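J.: Residues per chain, in single letters:
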Amino acid sequence: MQKPIQHTITVLVENKPGVLARVAGLFARRGFNIESLAVSITDDPTISRMTIVVTGDDTALQQINKQTDKLIDVIKVIDYSGVPIVERELAMIKVNAEPSRRAEIMQIVDIFRAKIIDISETTFTIEVTGSVAKVDAIERLLSPFGITEVVRTGKIAMARGAITAMSQVNNDG
Amino acid sequence: MKMNGANALIQSLVDHGVEVIFGIPGGVMIPIYDALYDRKDIRNLLMRHEQGAAHAADGYARATGKVGVCFATSGPGATNLVTGIATAQMDSIPILAVTGQCRTTVIGKDAFQEADITGITMPITKHNYLIKDPNQIPRVIAEALYIARTGRPGPVLVDVPMDMSLAEIEYEPVREVKIRSYSPEVEIDDSAIDEAVELIARAERPVLYVGGGVIASGASDELIALSEKTHILVTTTLLGKGAIPETHPHSLGMLGMHGTAYANHAVHNCDLLIAVGARFDDRVTGKLAAFAKKAKVIHIDIDPAEIGKTVQPDVAIVGDCKEVLKRLVDRVPPRQETEWNRQIMKWRNEYPVVCPNEENELLPQCVIAKIWEMTKGEVILVTDVGQHQMFAALHYKVTKPRHFLSSGGLGTMGFGLPAAIGAQVGCPDKTVVLICGDGGLQMTIQELAPAVQYKLPIKICLINNRYLGMVRQWQELFWNGRYSGVDISVQPDFVKLAEAYGAAGFRVEKPSEVEPTFKKAMEINDRPTLIDFVVHREENVFPMIPAGGTIEEMMVNRPKPK
Chain A
605 MQKPIQHTIT VLVENKPGVL ARVAGLFARR GFNIESLAVS ITDDPTISRM
655 TIVVTGDDTA LQQINKQTDK LIDVIKVIDY SGVPIVEREL AMIKVNAEPS
705 RRAEIMQIVD IFRAKIIDIS ETTFTIEVTG SVAKVDAIER LLSPFGITEV
755 VRTGKIAMAR GAITAMSQVN NDG
Chain B
31 MKMNGANALI QSLVDHGVEV IFGIPGGVMI PIYDALYDRK DIRNLLMRHE
81 QGAAHAADGY ARATGKVGVC FATSGPGATN LVTGIATAQM DSIPILAVTG
131 QCRTTVIGKD AFQEADITGI TMPITKHNYL IKDPNQIPRV IAEALYIART
181 GRPGPVLVDV PMDMSLAEIE YEPVREVKIR SYSPEVEIDD SAIDEAVELI
231 ARAERPVLYV GGGVIASGAS DELIALSEKT HILVTTTLLG KGAIPETHPH
281 SLGMLGMHGT AYANHAVHNC DLLIAVGARF DDRVTGKLAA FAKKAKVIHI
331 DIDPAEIGKT VQPDVAIVGD CKEVLKRLVD RVPPRQETEW NRQIMKWRNE
381 YPVVCPNEEN ELLPQCVIAK IWEMTKGEVI LVTDVGQHQM FAALHYKVTK
431 PRHFLSSGGL GTMGFGLPAA IGAQVGCPDK TVVLICGDGG LQMTIQELAP
481 AVQYKLPIKI CLINNRYLGM VRQWQELFWN GRYSGVDISV QPDFVKLAEA
531 YGAAGFRVEK PSEVEPTFKK AMEINDRPTL IDFVVHREEN VFPMIPAGGT
581 IEEMMVNRPK PK
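These protein sequence lines are chains A and B, in that order.
Under our numbering, think of the first position of the first sequence as 605, with each following residue one higher.
Under our numbering, think of the first position of the second sequence as 31, with each following residue one higher.
Calculated directly from the structure, the hints in this document are not laboratory data.
Just so we're clear, the structure is a prediction, and the values are computed from it rather than from any experiment.
Note that beta-carbon positions come from the ideal geometry of N, C-alpha and C, so glycine has one too.
Take the hints with a grain of salt, since some may be wrong.
Partner residues aside, some chain B positions facing chain A, computed with beta carbon under 7 Å [to be verified]:
#1 M152
#2 S211
#3 P214
#4 G338
#5 T340
Bound conformation, chain A alone (with noise of 0.2 Å):
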């Protein structure tokens, strides 16, 4: 058996109503796992970009890839694995922060250069960038104070370099 590793891939898609839904679709009817996703629309308005975050061995991988690119409205699949990328997730954190304790917290604040962008007579709600981890990271330190709600967006990811994901989409037409 192959060891089931994480795969972050972009899909380019037409920004056309209903395409999320045949991907989420695929996704689940072949019974590959969503970790996160991710969608927006592009500089070119016609195209939507998703970010996918998924586990499995290669060969579920490759599967993944392959079925996800012979949906009609998908333009291209791009896997990362491998690629050197920049990747980011934004989390907004509700945390307990009683008077007596609010030194404390904007100090993890700090370290994590995280941003605190609401404020309660009980509460910080705390805006963070960063990779995965990071975010992770600042949650697992804030737990202790009582974290009342998370939302994170999920991961967005980017080639390094001056490679782009539009640029492979005109090379191969």
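Starting from the structure of chain A, add chain B where the hints point.
T.: Showing chain B alone in chain A's frame:
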């Protein structure tokens, strides 16, 4: 030219060569059916259930190679197509389903006869469309037909809300289709061809394993040429039947669960398996770990996703089978018959496919063997699903591509009769023979009405054992003979039923009556004929490898009672 969306839809179909539609109207389809009313260049065959319409379009596509088209109304009409669409998807058959939809203004509001058919059919279509702008209709129809028939073919559905049918548009025919996210033409990797040639040249015990892809790509001549140049023998899947004439000395018939023993022995012992347009279905492989485990594998398929889906090949060639086989034939060195060929022939003599010599009792396989004897593979043979289908696969030697039509992947009971209608409409000059069981026939029996209405002289050979026979066989062999839910001996008098519909009906109960009655049926040319072959109830299909089993577990005959 100005016209409404409904007329634009019909005009688009005509512009792309569609001549026949199988369908049933309904409230939101009235504008589209109205657009058909005055046309002489395209006709609607009125089916009696939408499932029948989808299977008829499928049968038409399988027999002709053209895209089959079916129509259904919104809601229940559309959902009734689902089984037929899934059948086409599993077997890669090009059909276009056009469904009516409630007006765009009420979509999502649980309107009367509203069903989210694009959502429902997403997993069982190659692609689907919901029309939201009437000006898109000509382009969408052109794209849908193009997607259905190119690359790995498959079903496409177009959902047309009623207000889109009614809206006026300026009609411009769409002649060229280009979809940036879909490029069905793949460049064949020549180095992979060289590697395959190398493997073939080195192989001592090669076998060709051929599926429906060879039929779809029209690659029979190339396949036969390859087999004749190299003396590599050919086994096919159910859908590959006819890719090489089964009367050809190089044909080993079908492999798999109910395949011939010699085909299975050949595959089990081969050192090179050349899979062409086949997908290593579990009914073919049985226990995957034990399947052709001594063999290197060459996998040729137009769909890159099939490569490595089930079996990791040593050489993969992605491309149209016809072109790939052509290049292989050109480059592969000739090979003479070897000890391996003789070994396979020995297996063939050891485990021949024969019918028991039974004079008093009518056996299903003997009826089918007789039909083969009388038609010599010249007819289009359609089957339903079950024991009779496997008997047909074993005993009916198909001699040409597109002359054996059967639901393989989905195994859809009820497929046979409507598919036979589609085949007969597509090939009016050919004889269409349907072999079906009493279970499956009753699932779409209502389609006798259009067969009579359109004077289709289909020969319906009902192999009637008053059981859901395949399930009964499994219960006998693997479930201690506990026949739960399979007895369907309460059934109509099928001869009278055929006559009630206006078809001819005959009953055959003795082996001696098979030939004269089938001859009588062959002479009836203005309506369908149903022959009710009342066969032995508990005949089993052998050989059989149990599901998930290996060749060691193959039963060549009925096991002796313990």
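J.: None of the hints should be skipped; say for each whether it holds.
T.: Each hint tested on the structure:
no.: 1; hint: M152; in the structure: holds, 5 Å
no.: 2; hint: S211; in the structure: holds, 4 Å
no.: 3; hint: P214; in the structure: violated, 10 Å
no.: 4; hint: G338; in the structure: holds, 6 Å
no.: 5; hint: T340; in the structure: violated, 10 Å
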